[in-house]
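K.L.:
Full structure from sequences and hints, please.
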Amino acid sequence: MAILQIRQAIRDAMKEEMLRDERVFLMGEEVGHYNGAYKASEGLLEQFGPKRVIDTPIVETGFSGVGIGAAMCGLRPIIEFMTFNFSAVAFDQIMNNAAKIRHMTNGQFGVPIVFRGPNAAAHMLGSTHSQAFEPYYAHIPGLKVIAVATPYDAKGLLKSAIRDDNPVIFLESELMYSVKGEVPDEEYTIPIGKADIKREGKHVTVVTWGQGVPVSLKTAELAAKEGIEVEVIDLRTLRPMDIETVITSVKKTNRAVVLFHDWPYGGVGCEVIAQIQELAFDHLDAPVLRECYEDVPFPYADNLEQLVLPTPEKGLAAVKKVLYRG
Amino acid sequence: MAILQIRQAIRDAMKEEMLRDERVFLMGEEVGHYNGAYKASEGLLEQFGPKRVIDTPIVETGFSGVGIGAAMCGLRPIIEFMTFNFSAVAFDQIMNNAAKIRHMTNGQFGVPIVFRGPNAAAHMLGSTHSQAFEPYYAHIPGLKVIAVATPYDAKGLLKSAIRDDNPVIFLESELMYSVKGEVPDEEYTIPIGKADIKREGKHVTVVTWGQGVPVSLKTAELAAKEGIEVEVIDLRTLRPMDIETVITSVKKTNRAVVLFHDWPYGGVGCEVIAQIQELAFDHLDAPVLRECYEDVPFPYADNLEQLVLPTPEKGLAAVKKVLYRG
Amino acid sequence: MTAAGPTEVSYEDQLKAAFKDQSKDDILRDYLAMLRIRRFEEAAARAYTRGKISGFLHLYIGQEAIAVATQQAIQPQDRVVSAYRTHGFALALGSDPKACAAELFGKAAGLVGGIGGSMHFFDKAHQLWGGYAIIGNHIPVAAGHAFASKYTGDGAVTLVFMGDGAVGIGPVHEGMTLAGIWKLPIVFVVENNQYSMGTPLSRTLPVEDITSRAAGYGFKSDRFHVTSVAETRDRIGAAVKRAREDNQPTLLELITYRFRGHSMSDPAKYRQKEEVETWRMQDPLERTLRALQLLHGFDEAALEQLDGEVIAEVDAAYEFADKAPPPLPEARFANILVGE
Amino acid sequence: MTAAGPTEVSYEDQLKAAFKDQSKDDILRDYLAMLRIRRFEEAAARAYTRGKISGFLHLYIGQEAIAVATQQAIQPQDRVVSAYRTHGFALALGSDPKACAAELFGKAAGLVGGIGGSMHFFDKAHQLWGGYAIIGNHIPVAAGHAFASKYTGDGAVTLVFMGDGAVGIGPVHEGMTLAGIWKLPIVFVVENNQYSMGTPLSRTLPVEDITSRAAGYGFKSDRFHVTSVAETRDRIGAAVKRAREDNQPTLLELITYRFRGHSMSDPAKYRQKEEVETWRMQDPLERTLRALQLLHGFDEAALEQLDGEVIAEVDAAYEFADKAPPPLPEARFANILVGE
Ligand SMILES: Cc1ncc(C[n+]2csc(CCOP(=O)(O)OP(=O)(O)O)c2C)c(N)n1
Ligand SMILES: Cc1ncc(C[n+]2csc(CCOP(=O)(O)OP(=O)(O)O)c2C)c(N)n1
Ligand SMILES: [Mg+2]
Ligand SMILES: [Mg+2]
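Protein chains in written order, with our numbering: chain Y, 1 to 326; chain C, 1001 to 1326; chain G, 2001 to 2340; chain A, 3001 to 3340.
To be clear, the hints were calculated from the coordinates, so they are not data collected in a lab. A portion of the hints provided could be inaccurate.
The calculated DSBU-like cross-link candidates involving lysine-lysine, where the alpha carbons are at most 35 Å apart (straight line), are [what the hints assert, rightly or not]:
| hint | chain 1 | residue 1 | chain 2 | residue 2 |
| --- | --- | --- | --- | --- |
| 1 | A | Lys3183 | C | Lys1015 |
| 2 | Y | Lys321 | C | Lys1180 |
| 3 | C | Lys1015 | A | Lys3124 |
| 4 | Y | Lys320 | C | Lys1252 |
| 5 | G | Lys2052 | C | Lys1039 |
| 6 | C | Lys1320 | Y | Lys194 |
| 7 | Y | Lys202 | C | Lys1321 |
| 8 | Y | Lys39 | A | Lys3052 |
| 9 | C | Lys1252 | C | Lys1194 |
| 10 | C | Lys1320 | Y | Lys252 |
| 11 | Y | Lys15 | G | Lys2150 |
| 12 | A | Lys3124 | C | Lys1039 |
| 13 | C | Lys1051 | A | Lys3273 |
| 14 | A | Lys3273 | Y | Lys15 |
| 15 | Y | Lys180 | A | Lys3269 |
| 16 | G | Lys2323 | C | Lys1314 |
| 17 | Y | Lys321 | C | Lys1194 |
| 18 | Y | Lys51 | G | Lys2124 |
| 19 | Y | Lys15 | G | Lys2323 |
| 20 | Y | Lys314 | A | Lys3323 |
| 21 | C | Lys1015 | G | Lys2269 |
| 22 | Y | Lys194 | C | Lys1194 |
Taking beta-carbon pairs under 10 Å as the criterion, some of the chain A residues facing chain C (in silico) [said to hold, decoys possible]:
| hint | residue |
| --- | --- |
| 23 | Val3081 |
| 24 | Gly3114 |
| 25 | Ile3115 |
| 26 | Gly3116 |
| 27 | Trp3129 |
| 28 | Gly3131 |
| 29 | Ala3133 |
| 30 | Asn3137 |
| 31 | Ile3139 |
| 32 | Pro3140 |
| 33 | Ala3143 |
| 34 | Gln3282 |
| 35 | Ile3336 |
Every value quoted in this text rests on a predicted model; they were computed, and no experiment measured them. Note that the Cβ used here is the ideal one computed from N, Cα and C, for glycine as well.
P.N.:
And the structure:
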């Protein structure tokens, strides 16, 4: 098995799918000549040429719409948002066209498209560039939403997303592009809609995704030092959500924390909580807690940004709280 | 006390505030010569002239941004979205400018603005015109979000919203503009951030807002016939949320249902659930359930639309379920 | 239209001149094609009033020549993308009037299964690619169809229609920008019917001539009053040819008029009777009818017979729609995601 | 810049001609104003490399003349609204370099309390109204400032700046559309520095001349190479006058060049050394320096003394920033909502 960075796993997934299927193309700002703002498309222009690796001007609504229109014609676009923060200006295209065209045409047209790019905060980019977009997209029927945290998951799930006949929102992280991990040399895919237990444990279930995964794993390490065995579930797919895996775990641990990189109000975190309290009510020994961004726009200053973020220490405090040990 | 429709209460609130404060103006599509697509601004152009009642072309991002820019100069714009469905194309202006300018300028500039208009589904308008926007806006720190269900609340809260120094999202309903109710003749305002108990009861708490209010009240009536006393809490303000009122009620009833007109995943409904299970964990005798839109894009056909909507009957079923009587 | 005065005379002469180069068969074909749309929509308006149709119903009455001309200007592989005022395109392109009426009635046999209603007519088999209800958001999508044509070499041209009220919104600008940079095989058509809802052009446009924008995108442009199918077809056709042969996008402004309110809920009080009457003189349907009378001797009886046939077809469509069953309850879960 | 050949001679002559109508004092003032910005940003680049500044840092090096000219063209009530390449505007408009440096360092004494960083410079007291980081979303906001001026009659003109990469995005079109319809007192300035990140104009623009869009909005326009503060001031000034006196918006395209990468993380490998060298000959700062030498006999020593003074001010600003305390932890909850 090769050791790859997440950015390379993403690049390889796109490359393999582009080799496999001529209908697949990549479009976005700086994806071609610049090799991607975060180098996730390194070498693809050279390999596939400007017909299939297309630099756009800064018109997120325009090129999202072009992707949707091309998908309706049978092509399979991958649309890169330089970051998902910039998808706010394309929100209508995703919510009203990508998500609804199959439905509103009664199945005459489909929109097999992937929107991908880094999501949520990076480091000291300020309030407009530090936002998580899963609460908006996961809310909408007609979309699938994925968030990845390892090279293995990134490659396997991106390949599935590209092959999927539905519109898929694929969330990466700027801060995690260099994270390394094993990736099989042979071809593989990971089914959309399956969570992954990243660490087993029996005392507390921590449900997480995306940037929350490494924080949760460190939380589990800290907890282990205090004799607490945390089970870390990486949802991987946020919509549709693999709630069975979560419930099975909670029925074992009887306690849960949801740890994620987004503001608290509503969103995916609350969906997890609502489902757990509904489906495992009699098994819960404590309320489900969330550990996430503070409910503030991101400040630029380093010291303030650190305070806003969820950390392993805060995760541990939440874990202890649901154990009534703190 | 006068009996007014909600649309008149809204009109009167705007009129009174425009009389009171020259900085207040109304801007949007068809708000002037046409008197508003749903006649919520009837007569205002005639009374205040085109300087203060401004018809715009169809450029939601453009006129939302103009409102924000004018507010930064000390004016107090009311921006009407013909429906909030069309705010999707202005999402970035609201999320990144309205909500963040005070923060990102370190308080040098404020954005005292109200975005108002009908929200969620009306009748047989299809998938793009039948969406609830509170999950998107209530998620964002820097905004206040209000949803009204009676003429009294509409007038009192809209006046407070116009006077508020922060950006406020004010959600009305096309289907409820003609709902009538008593409105005091003398001047009054209702504080933002206070829920209202629309009906008292002791067996089950139903938390609701907007179009959910009349459905919840009918649910309570049906329940009463079966000897179940439902307490109906109208949140009125979704952000900041008056969770105290909810928790006080749940501590009395020990059971709760959240009934609302939006898709289930995440959103305001799940926020309510997450808070209840956290703050009243030991008081809950059953999981908190949600009764809301089915998780599908809205179909046009009448029969299908009816199936998708929450109804008093479905509300009653949920109420009985949390009572383990069904 | 009854009083004969000096204007009336010159109107007739002008009409004769305008239609003299067309064959009787062609004029008759255009007349019937427009009439079918008009009668269909008049019936829709009645059905709406009777509560058989709900939601928003936007009628095309006055603009029919554009849809008919479009159908004549294109080839079978081409695509027509429209906003929400779409019944005319569907009928002109060959959609079954029964399926169209059933869609308005929200029935399973509707063009899109009763799921979309008036605003979301789609009929892939008849080149109709929408039916979009958010102003301007179909323009980038249509640019995407044209992009796909260039990608696959399918030789198709995409024609995308929008109202005068749509030209200010951002997505239109972005779609046009991309079409301009990438030289896509596309024709942008603004159907300038003088109003967006209750708002006249003067409050919507910074300058009167919408085609003044073409230069900024590197487009060719054309701008004219729609008074007959033939001229409209030829001028749309020239743009289609440029798109197909040279990948040269065109911005067309077609000046026209809608005789009804914006939708069924709009009484259109914002305009004067005189204005409407002036435009009636230019109504392509009315003009074509008069041409048949003046140039080809169609008398009242002949015209009534034609009308009767058209009305019979329309009535049958609405009868079908009325009797057709609604969608099955399960239909609301269909076509959201596939493959599950 | 050392080899003297035939081109060099004509370059000198051309320079002399260009600056001959300006007084020594004016040239010196412009030189120092530009130099201050350049030295400030060179210091910022060094601080970034040392890890004192983080996030995105977009330098204005090469474009300084525009900010300096803007300051000279406006009145105290006017507003300047920019995107995220803003240090130059702040310094030209009179912001305290200490506060600017402290902002980059994320310190409490920063221009916006360390909350915004490089992309969000705002300084209301010095007419700087942003500082926006989402491409194009400040254009409608700036139109809103101009709208407020018309509403209140405050007599202010709003000048809003954007990059060449911004002109395709929807909000720009919408803001311009409203300014055109409502005749707002505003000047739209495109700082065309040839690139948006790594993308040259040819992949961003459907036609080369950005001002070809002006007609569609009913704007006046002007387009020129920025080679000196004086000419730039006069041509911006003409647009400001039109805005103030006639409520006539103008679209200006200022052709310029950035000598650094897009941000500190961009090595700018996408352009050739020769290209950069050619543009260096047109760098307004360099030209103004040469004018001082050629026309007014400034020698190396005199210039070095001036430079030393500027550098001392800049160094003091960065020293201040380095020593200044970070924001208090509570600062993260401030200015989100007021009145609670
Ligand atoms: C983004 C958006 N804003 C507002 C509306 C509501 N709306 C529907 S049609 C219409 C008027 C459109 O006028 P025009 O483009 O001239 O087309 P016409 O109706 O004349 O064919 C408006 C404001 C919408 N559908 N989408
Ligand atoms: C909506 C949006 N999309 C993408 C970006 C990322 N981005 C920031 S600057 C930039 C290039 C802008 O180029 P230009 O407008 O020419 O300005 P310059 O940097 O040359 O001053 C891009 C793509 C953004 N900030 N906002
Ligand atoms: Mg129109
Ligand atoms: Mg640039």
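K.L.:
Against the 35 Å threshold, does the CA-CA distance of Lys320 (chain Y) and Lys1252 (chain C) hold or violate the hint?
P.N.:
The given pair, whose Cα atoms are some 29 Å apart, holds under the 35 Å limit.
K.L.:
Given the hint that Lys15 (chain Y) pairs with Lys2323 (chain G), does the C-alpha gap stay at or below 35 Å?
P.N.:
Distance ~53 Å between Lys15 (chain Y) and Lys2323 (chain G) Cα, so the pair is violated.
K.L.:
Are Lys3273 (chain A) and Lys15 (chain Y) close enough, with their CA atoms no more than 35 Å apart?
P.N.:
Holds: Lys3273 (chain A) and Lys15 (chain Y) sit about 32 Å apart, inside 35 Å.
K.L.:
For the hint on Trp3129 (chain A), does the least C-beta distance to chain C fall short of 10 Å?
P.N.:
Cβ of Trp3129 (chain A) sits 7 Å from chain C, so the hint holds.
K.L.:
Verify the proposed pairing of Lys3183 (chain A) with Lys1015 (chain C), using a straight-line Cα cut of 35 Å.
P.N.:
The given pair, whose Cα atoms are some 27 Å apart, holds under the 35 Å limit.
K.L.:
Would you check whether Ile3336 (chain A) satisfies its interface hint, that is, whether its CB is within less than 10 Å of any CB in chain C?
P.N.:
Holds, about 5 Å.
K.L.:
Do the numbers back the hint for Ala3133 (chain A), that is, is its least Cβ distance to chain C under 10 Å?
P.N.:
With a minimum Cβ separation of about 8 Å from chain C (threshold 10 Å), the hint on Ala3133 (chain A) holds.
K.L.:
Within a Cα-Cα threshold of 35 Å, do Lys194 (chain Y) and Lys1194 (chain C) meet the stated pairing?
P.N.:
Distance ~41 Å between Lys194 (chain Y) and Lys1194 (chain C) Cα, so the pair is violated.
K.L.:
Does the nearest C-beta of chain C fall within a distance shorter than 10 Å of the C-beta of Val3081 (chain A)?
P.N.:
With Cβ-Cβ at 8 Å, under 10 Å, it holds.
K.L.:
Do the alpha carbons of Lys1320 (chain C) and Lys194 (chain Y) lie within 35 Å of each other, as the hint requires?
P.N.:
33 Å, holds
K.L.:
Starting from Lys39 (chain Y), check that the Cα of Lys3052 (chain A) is at most 35 Å away, please.
P.N.:
Holds - the C-alpha atoms of Lys3052 (chain A) and Lys39 (chain Y) are around 25 Å apart, at most 35 Å.
K.L.:
Is it true that the CA of Lys1320 (chain C) sits at most 35 Å from the CA of Lys252 (chain Y)?
P.N.:
29 Å, holds
Comparing the model with each numbered hint stated earlier shows that hints 2, 12, 13, 19, 22, 34 do not hold.
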